[in-house]
Amino acid sequence: MGILIDDATRVIVQGITGKIGSTQTRWMLRYGTPVVGGITPGKGGTIVEGLPVFDSVAEAVKQTGANASVFFVPAAFVLDAFYETVDAGIKLIVIVPEHIPVNDVMRMRAYAAAEGVFALGPTTPGILVPGKGKMGIMPGALFAPGRVGIISRSGTLSYEFAGILSEKKIGQSAVIGMGADPVILTNLPDILSLFEADKGTDAVIIVGEVGGTQEEKAAEFIAEKMKKPVAAYIAGRLSPQGKRMGHAGAIVRGAAGTVASKCEALQTAGATLLKSPIEVLDWAVNNDIR
Amino acid sequence: MRLHEHEGLDIFESAGIPVPRRGVAGNTDDALIIAGEIGYPVVLKAQVLVGGRGLAGGIQTVTTPEELEDAAGKLFSAEIKGLPVRKLLVCEKADIHSELYMGITIDGFTGRPVIVVSKEGGVHIEETARIAPDKVISFYCDPAFGFYPYQARMLLRRLGIVERLLAICADVLVRLYRAFVQYEALIAEINPLVILKTGYQGGLLAIDSVIEIDNSALNRVKLPLPEMIERIENPLERKGREIGVTYVDLGGDIGIISSGAGLGMATMDIIGERLRPANFLETGGGITEELLYKCMELVMMKIDLRAIFINVYGGINPIHEGARGVVRYIKEHNVTIPIVAKALGNHQEETWEILRAGGVHVVTEAPTEIAVARLFELVGAR
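Chains as they are written, first to last, in the working numbering: chain C, 1 to 290; chain Z, 1 to 382.
Calculated directly from the structure, the hints in this document are not laboratory data. The structure displayed is predicted, hence computed values, not measured ones. Backbone N, C-alpha and C define an ideal beta-carbon position, used for all residues, glycine too. Careful: at least some of the hints might be erroneous.
Claimed, not checked - Okay, the calculated beta carbon distance ranges per label pair:
1) Z:M228 to C:K199: 44 to 54 Å
2) C:G89 to Z:E332: 24 to 34 Å
3) Z:M228 to C:G254: 37 to 47 Å
4) C:G254 to Z:R231: 12 to 22 Å
5) C:S193 to Z:A167: 42 to 52 Å
To be verified - A few chain C residues that don't get close to chain Z, going by computed Cβ distances all over 10 Å:
6) I47
7) E59
8) A203
What the hints assert, rightly or not - So, partial list: chain Z residues that the calculated Cβ filter (under 8 Å) puts toward chain C:
9) S14
10) F109
11) P143
12) G146
13) D269
14) G272
15) R274
16) Y313
17) G345
Pulled out of the complex, with its shape left as it was, chain C reads as follows (with noise of 0.2 Å):
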């Protein structure tokens, strides 16, 4: 078993015809995703990298029996294709594009809520449980299995992380990217519960970045909640007062939002907190982690 991907997943690809779809098709399945087709409305009976491209998600869910999808829709389409997807009984659904306006994602949420949806993202790499399968952009080399699990707000810290680790023996049990933008699909806490819950996950680290309090919902959790170790490291402490830091939701804004308000509520929470990525190696071996 793995963390929202599994043996049970059918993966599709939505925009599956567009260059970032069909490159990403590519790359999921030579890490063995099992993905079983895709959807671009008007492009029905087309094939993409070997797999069926339908018209409607409801004929995919139908044909090929998916479980599972995966975004690579411009903006603009995705609230529509959201709701498209939800109401074909999709379970799991990933949001890789960015730039996707909030009060969309504040509906996307909602609704997601209403009806037993867990969705990731916007702006999000997505997941990749190693040996499994992915559902994102993640690059497959940097990651190996094992029983660390990785939550990060940016895509290229999760890889960061996983790579250090990886260089080290160390493997992951999953890899999740919760999404960078003001408002998301699945707040932090609700993915560290997951791991908690996960048979095969020993430890956690949140990587997250200056803006909006998902890392002090998180401490709250923490505190509350879990019983595994977790690290913790907030990138951004050179961020200038109210410039965002290439993601929408990373802006800082007065007191609130900084890396010292972050760091201040996780190390009460009692998570070790890195001061530098690769500091997460002494904190492996500190826990017996490998």
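Let chain C serve as the given structure and place chain Z on it in line with the hints.
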């Protein structure tokens, strides 16, 4: 996109919120004409996109044309917190009885708009929220349901507002919410909403606005306003926007190019341990040969740059194509400062070959700290 105060007041006015008589002046002569139409005293307000403007001297009350000429002249030649003053808002002076704060923002954790009201208006709302949270009333609303006058009255009653004032303040708050939704704002604030000594304008005036529109929604909000790019004062940050990357000027002398926001921030922090980063630059997922060529050009615009550090991952990005752009720039411009690169992921070997052939110091280990240690060596930082 953060709007100027005068743009926000125009939005308030179209939403039916009472606003002062006012005009925007690009020079002292225009300011005199506007003030003549409004009648003295007037308030001159520097239109700069920065907080704490009043405390920095950007707001002046004048009672005569002579005073106006003197104050406007000084404001136009001044910088407010490092920003030039291009426009002044000339406003009627309100006869203030008391002030309220009304603000709406989006709470990332609940995914809902949060409406905040307080009797402690003015410049200290953030401080009030921190030290006296009971003086600040918050309400999380359901965006699917909307926000209604009865809810507004409930909130304002908790501030002790009663009778006729309760109804008219609630009306303003509901109108602010409607504008917030209509313009897809991330922030909409009236700070302060002034309760006047007289019944003029119904007794209320919104005398300052803070509105920030969701950048991702700009193409469907369709505001008749100058483009985002024209609001960026820093020429390097503006150039970054033009080529489609996020560039933040950090004032130091070590250039940074990264393929992700988190990685870019971590790189900035790690380099910042011993050296001063010149910039944060994040390409997002659109790397091409041309884009990285332009990124090199942009980073090299910084005067007295000592080195460049490139940190990229091949996930969604074709980093081998990007590497060609870097090397082409180095060759065409005969770049001699050290360039250190860490590039991992899809197509990494090809990327390393291309970069090495161009004279870039390539580090192949995963930790950024190891590559930054190489940078420290090359520039002699200890």
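field: Violating hint indices (sorted, rising)
entry: 2, 3, 9, 12, 15
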